[in-house]
Amino acid sequence: MKRMKRGRGASRRVLSFGRRVLMGCVALALLVAGVWSSWSDAQHVVLSKGREHGTLTVASCAEGVCTGPYAPEGPGGPRDGMRIEESVAVKKGERFAVVRKPDTDELVRTGTAGLLYAWVPLGGALLLASVVIGGGLRLTRTGWGAAVAGGALLLASFLAL
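If you read the sequence shown in my numbering, its first letter stands for residue 483, the second for the next number, and so on.
Possibly wrong hints are sitting among the right ones.
[Unchecked claim] Restraint-style ranges between C-beta atoms, simulated for each label pair:
hint : residue 1 : residue 2 : range
1    : 626       : 492       : 29 to 37 angstroms
2    : 627       : 521       : 18 to 26 angstroms
3    : 503       : 568       : 35 to 43 angstroms
[To be verified] Here are the simulated lysine to aspartate or glutamate pairs, EDC-like style, with alpha carbons at most 20 angstroms apart:
hint : residue 1 : residue 2
4    : 573       : 534
5    : 583       : 568
6    : 574       : 585
7    : 573       : 585
8    : 531       : 585
9    : 531       : 587
10   : 574       : 534
11   : 531       : 545
These aren't lab readings, by the way, just hints derived from the structure by calculation.
The C-beta atom is built at its ideal place from N, Cα and C for all residues, glycine as well.
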């Protein structure tokens, strides 16, 4: 009789360990995807030294992209055809400080608002991972911490824009 209980206890431990490893991998995958997605824009804001800076005046927005005349700092005159991803608070005629992605016609907003907006995918990933951390890994305090951090990042970027 004791052997059967030991066998069940050992299998429970193995299953529990396997569940924790699987949930840890899911949470890690969500966070890595959030950082990866955010870094594509954030790198141009965080590491903007040596990149072309300027000002974009929004002329029109369609299909999630805004365009308008771009006035770079330093040599070179204004250019048309530059585009920036449309955010929640873009109005026609508004001016933004931007940095140009190298070898493209895409611009990224700079400053605090641009930095927070670039990290929005990480905020969403933190919210998703918090459910896995709190429920799947049963680390409720850590899960709540991830949820609060993700929510704060999303709220701060919304208010900054």
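Cross-check of the supplied hints:
Look at residue 626 against residue 492: about 32 angstroms separates their beta carbons, and that is inside 29 to 37 angstroms. The given range of 18 to 26 angstroms is respected by residue 627 and residue 521, whose C-beta atoms sit roughly 22 angstroms from each other. Roughly 41 angstroms separates the CB atoms of residue 503 and residue 568, a value that falls within the hinted 35 to 43 angstroms. Pair hint residue 573 plus residue 534 does not hold up; C-alpha atoms about 24 angstroms apart against a cutoff of 20 angstroms.
Pair hint residue 583 plus residue 568 holds up; C-alpha atoms about 16 angstroms apart against a cutoff of 20 angstroms. The hinted pair formed by residue 574 and residue 585 fails the criterion: a straight-line CA distance of about 26 angstroms is larger than 20 angstroms. About 27 angstroms separates the Cα atoms of residue 573 and residue 585, which puts this hinted pair outside 20 angstroms; it is violated. At roughly 16 angstroms between alpha-carbon atoms, residue 531 and residue 585 fall within 20 angstroms of each other, so this suggested pair holds.
Pair hint residue 531 plus residue 587 holds up; C-alpha atoms about 18 angstroms apart against a cutoff of 20 angstroms. Distance check on the hinted pair: residue 574 and residue 534 sit about 23 angstroms apart at the alpha-carbon level, beyond 20 angstroms; violated. For the given pair, residue 531 sits about 30 angstroms from residue 545 by alpha-carbon distance, which is inconsistent with the 20 angstroms threshold.
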